[in-house]
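Number of protein chains: 2
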Amino acid sequence: MGKFKESDSCTSTAMSPKITGELLRLLRQAMKNCKYVSEPIQAYVIPSGDAHQSEYIAPCDCRREYICGFNGSAGTAIVTEQHAAMWTDGRYFLQASQQMDNNWTLMKMGLKETPSQEDWLISVLPENSKVGVDPWIIAADQWKNMSKALTSAGHSLVAVQDNLIDAVWVDRPERPSTQLRTLGLEYTGISWQDKITALRAKMTERKITWFVATALDEIAWLFNLRGADIEYNPVFFAYAIVGMNTIRLFVDLKRLSDPTLREHLQLDSPSKPDLSIRTFPYESVYTELQAICAALGPKDKVWICDKASCALTQVIPKAHRTPIPYTPLCLTKAVKNTTEIQGMKMAHIKDAVALCELFAWLEKEIPKGNVTEISAADKAEEFRSQQKDFVGLSFPTISSVGPNGAIIHYRPLPETNRTLSINEVYLIDSGAQYVDGTTDVTRTVHFGTPSAFVKECFTYVLKGHIAVSAAVFPNGTKGHLLDSFARAALWDSGLDYLHGTGHGVGCFLNVHEGPCGISYKTFADEPLEAGMIVSDEPGYYEDGSFGIRIENVVLVIPAKPKYNYRNRGSLTFEPLTLVPIQVKMMDTELLTEKERDWVNEYHRMCREVVGAELERQGRKDALEWLIRETQPIV
Amino acid sequence: MGKFKESDSCTSTAMSPKITGELLRLLRQAMKNCKYVSEPIQAYVIPSGDAHQSEYIAPCDCRREYICGFNGSAGTAIVTEQHAAMWTDGRYFLQASQQMDNNWTLMKMGLKETPSQEDWLISVLPENSKVGVDPWIIAADQWKNMSKALTSAGHSLVAVQDNLIDAVWVDRPERPSTQLRTLGLEYTGISWQDKITALRAKMTERKITWFVATALDEIAWLFNLRGADIEYNPVFFAYAIVGMNTIRLFVDLKRLSDPTLREHLQLDSPSKPDLSIRTFPYESVYTELQAICAALGPKDKVWICDKASCALTQVIPKAHRTPIPYTPLCLTKAVKNTTEIQGMKMAHIKDAVALCELFAWLEKEIPKGNVTEISAADKAEEFRSQQKDFVGLSFPTISSVGPNGAIIHYRPLPETNRTLSINEVYLIDSGAQYVDGTTDVTRTVHFGTPSAFVKECFTYVLKGHIAVSAAVFPNGTKGHLLDSFARAALWDSGLDYLHGTGHGVGCFLNVHEGPCGISYKTFADEPLEAGMIVSDEPGYYEDGSFGIRIENVVLVIPAKPKYNYRNRGSLTFEPLTLVPIQVKMMDTELLTEKERDWVNEYHRMCREVVGAELERQGRKDALEWLIRETQPIV
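So the protein sequences, as listed, match chains D and P.
Under this note's numbering, the first residue of the first sequence carries the number 1, and numbering increases by one thereafter.
Under this note's numbering, the first residue of the second sequence carries the number 635, and numbering increases by one thereafter.
Just chain D, with the same shape it has in the complex (with noise of 0.2 Å):
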């Protein structure tokens, strides 16, 4: 899945606009209430995130859904005295209008009559506004440009301590406390005490005294502990500070009563004092960082993403901030060690062992006409649930039929719900999380007899999707620079896609995650390395007709190749999925030999490996299916 498309983790989309106009007469009033704020603000800024900035959020944590009704995943919602404006990008202008009651002015990104969030509190504003905006959930450098243009145009921006939204929220839910899951060397490869003691290492090297980990997904991979928080991502809401000597977990405390749970962190005890954790209550990490941040020496140096809260940030004293793009903890995160590899490996062979499984259901069941995107989306999950170790689903399975394939970011509601045929091609995206690793791939099929067309269209997706996955390259290697060998041979017949081709992938965890990508847009994607692992997925989109996709994750190896230029060695890719690639969707003719070779031994591989494992389980049909879908092409 792309890291382009949504990912809604809200309540279900509806399509009623949400009635407003006494909430907002309360958010109103809150912005001039003594108890929230210390003089009435004239503007309340509600950005989509939590605390923590991750992608997909908590229900808790759905305050712009909330105040406006538009529960898409990208979206800012700004409330004055008199007006209230959301902003929102092209692919939900749609779903915004039709989510969002006349209180509401939907502002629509990317147009260029459209103002800034920061121009239009300019031009509605009284002169000498304040501006508030809860700093929790505000990045650092966010708050810094608009601060900077309120600033600069006589007004300010203020933090809020309280949510205005969650002082209005009437049966706001609870945020989520799930049980933690301790994962062992077996899936890990590596002891939190080991990850301690290099981020240590790391931070000696850099003369940095204390690292404040914010990101969920770093936390969770830091313990070697999952959680269920967020819906698709088996993290839990928590902060961590390391210290050279002290380690410090903030995290609901009630969540540590499991014996499991605290052998595993050693907190009864310890093996080292350096070692030690400390606990304390999600809720502290201000007041503890502010102890410590009082007590830095001249020197001391603290290590920040910048894209963690603006009030975590501020926190620490400038000249002793040290913010970084990436923090150590997602750089190393993204190097899968042997042991991730292998897990990965293990959870793509059951994944494919569930896709092969659906594709042959689907076969029998379409013609029958009773097979919907929805019921086609639940079977795969069905088949999924059934392999060892399978936790949920790794983001919201996008599963579509013709036209509905060329909405990028699709996810088929009742409404929308189409049903499959053998005369429409079928686009599924979907992925899984087993406590081995996480998966995300995509495959686009006939169950009748596609047209020249999107025959000729699938191939140039083809010829993209193996052009990155047998590409070699240098050591040192942006993923930016591979991605228009994704698209040589659609743009050479006129043809294009309007997303990157690759994002990072975690190892039972987000199913994107940095540093790495292939994608146009981004230039501060870190170099790739042996043991990253990303997606490889082009696509093409006939509006209104059809949209195709080929995705695998691939895992980053060495290459080598015949020579090694001033020795700094090759890479290349290695694919995770194991899913055939339907050959009916291909026009073999327009397919050099050396893609074809690379099919072949794709397919080889797929019905090696799987088959091996649908054998093992007794699943004859796919098994099957399996072996007609890989004969060699010529």
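These are calculated hints, taken from the structure and not from any lab test.
One thing to keep in mind: the hints can contain errors.
[What the hints assert, rightly or not] Residues of chain P placed beyond 12 Å of chain D at every Cβ, according to the derived structure:
# : residue
1 : 672
2 : 692
3 : 927
[Stated by the list, open to error] Now the stretches of chain P that chain D is said to cover, found in silico as 3 or more residues with beta-carbon under 8 Å:
# : stretch
4 : 1101-1107
5 : 1128-1141
[What the hints assert, rightly or not] DEER-style ranges, computed between Cβ atoms:
#  : chain 1 : residue 1 : chain 2 : residue 2 : range
6  : P       : 724       : D       : 177       : 48 to 58 Å
7  : P       : 778       : D       : 287       : 29 to 39 Å
8  : D       : 544       : P       : 835       : 30 to 40 Å
9  : D       : 151       : P       : 786       : 19 to 29 Å
10 : P       : 930       : D       : 83        : 33 to 43 Å
11 : P       : 839       : D       : 105       : 21 to 31 Å
12 : P       : 1250      : D       : 529       : 53 to 63 Å
13 : P       : 905       : D       : 113       : 32 to 42 Å
14 : P       : 1242      : D       : 594       : 28 to 38 Å
15 : P       : 1022      : D       : 545       : 25 to 35 Å
16 : P       : 1022      : D       : 529       : 47 to 57 Å
These numbers come from a predicted model, not from an experiment.
Backbone N, C-alpha and C fix where the C-beta goes; we use that ideal spot for every residue, glycine too.
Fit chain P to the given chain D structure using the hints.
Same frame as chain D, but now just chain P:
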């Protein structure tokens, strides 16, 4: 010629160190002399550039060379009361160490242990020091960075208006003031008056009231004038300030006596008052800009390039200053009009005639053993100079045999000069200025039998050259997205080259110009547009053995692929350079059918177009050579 390569326009390379003891003593005196500085300064920074941030500079601006002896294209010298240090990059470590005496410390940039200029200054300066620099030769953004670092350490960066090198420079050359050449519509396609009108339209669109032009090629282009103040670059020292009703040109007034020039600029009888040019002495730009800024209205905005000098930039009050990475002149100049394209085509045909003659001549002369890198370069210049409207070379010829070819920025010197033979690879990268256009072409040839390895590498480079030249891509694509196409074949075999793939080329202007290019390094490039002209020059360099580069200048043209996704339109390239690529160097087995077709079609064009011109000029030997070298391959 790649933008990465050197541009030595200073004195010829001397390899014995310059004696600098007395010079440094005088400079240190000047650093305390109240004639120049109100308070003594503890350090003085001497950058490489001139007041226009030119890539090539005039002898009078070679101040860093004068003070330390090192004459490479890149380097910054800093002199304190106790120390003298010079920073340069890996291309120049050897040369700099040979050219500087032991008063100087060579600071090897790119090595881990080498401090930045700021860190070094902070480590050697007494508390509260003043660091001086000539604000005219430091760009505004460089000033900002250095000033920030010094201030945070308790020092300050101060502008020293009189250049202290000039103060101690005996017999400093005069600033050149060569005769100006006017270009009529038959060369420019558009009058300077229409260029001014178009500029003002862009200013109106962006609500800009003044534009300050500081780049010499932009000023030459704007007024349809050329000079010869800087070797290889047909520019002249000038500034221009354009308002909505006024045009100010700052130039040595002695240059304006020529009646043709006065007529061209309509100095004596302007057609309209707002197209009347007011001329001022070159030096008065500062006071004149001050006067303009003193009279600015509250909403007036002034455009200036962010690469302009600190001195001029800071004249404009911050509230009125709108710095831009590329000026509207730079952007318009890059898109050549039909007249300019026609001129560039003509220039390239003439240039090809000269090169065909050169190669035919070399074939005959080399076996005699008398041709050297220098004499071959001279011969190339001689043949070029016989062509109509030849003005001079567009950069110093890179003429290199065997191992010298692996030195990317090589330029033959008496002490390195090798003899051409039938046993070694010969690389020649050369170009010329004609009144109708600028050329830049690299060919790599063998006059005997190239080894299998040389042929293999050459063929990979050729594949890369073709991949870029034949690429089809959507409108709006930035050049850096094409860079990997040039490398894919080399990468596949573990090879690469450590420079960019292409640079913009001016039309009878600088051989390197922005804002477009093809490089993995630049993400600030502007999208390619039909009419832009860039080089396509991948290479491969085997240290100590040989260098390969294949360079054509190519024109961006509309492409007409089968489909037209979202009506975006597509682009591709048309080669302007029409010089055969040596078939003997190719391993044709490694070429695909498409690549063979490209080579044959390219050679057919060379034969047809250049053949006709060779015939017209009666150059029989060269024609014979051309016909032989353009036989189709199978």
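Hints versus structure:
no.	hint	verdict
1	672	holds, 31 Å
2	692	holds, 36 Å
3	927	holds, 20 Å
4	1101-1107	holds (count 3)
5	1128-1141	holds (count 3)
6	724(P) - 177(D): 48 to 58 Å	holds, 56 Å
7	778(P) - 287(D): 29 to 39 Å	holds, 38 Å
8	544(D) - 835(P): 30 to 40 Å	holds, 39 Å
9	151(D) - 786(P): 19 to 29 Å	holds, 22 Å
10	930(P) - 83(D): 33 to 43 Å	holds, 34 Å
11	839(P) - 105(D): 21 to 31 Å	holds, 27 Å
12	1250(P) - 529(D): 53 to 63 Å	holds, 58 Å
13	905(P) - 113(D): 32 to 42 Å	holds, 38 Å
14	1242(P) - 594(D): 28 to 38 Å	holds, 34 Å
15	1022(P) - 545(D): 25 to 35 Å	violated, 56 Å
16	1022(P) - 529(D): 47 to 57 Å	holds, 56 Å
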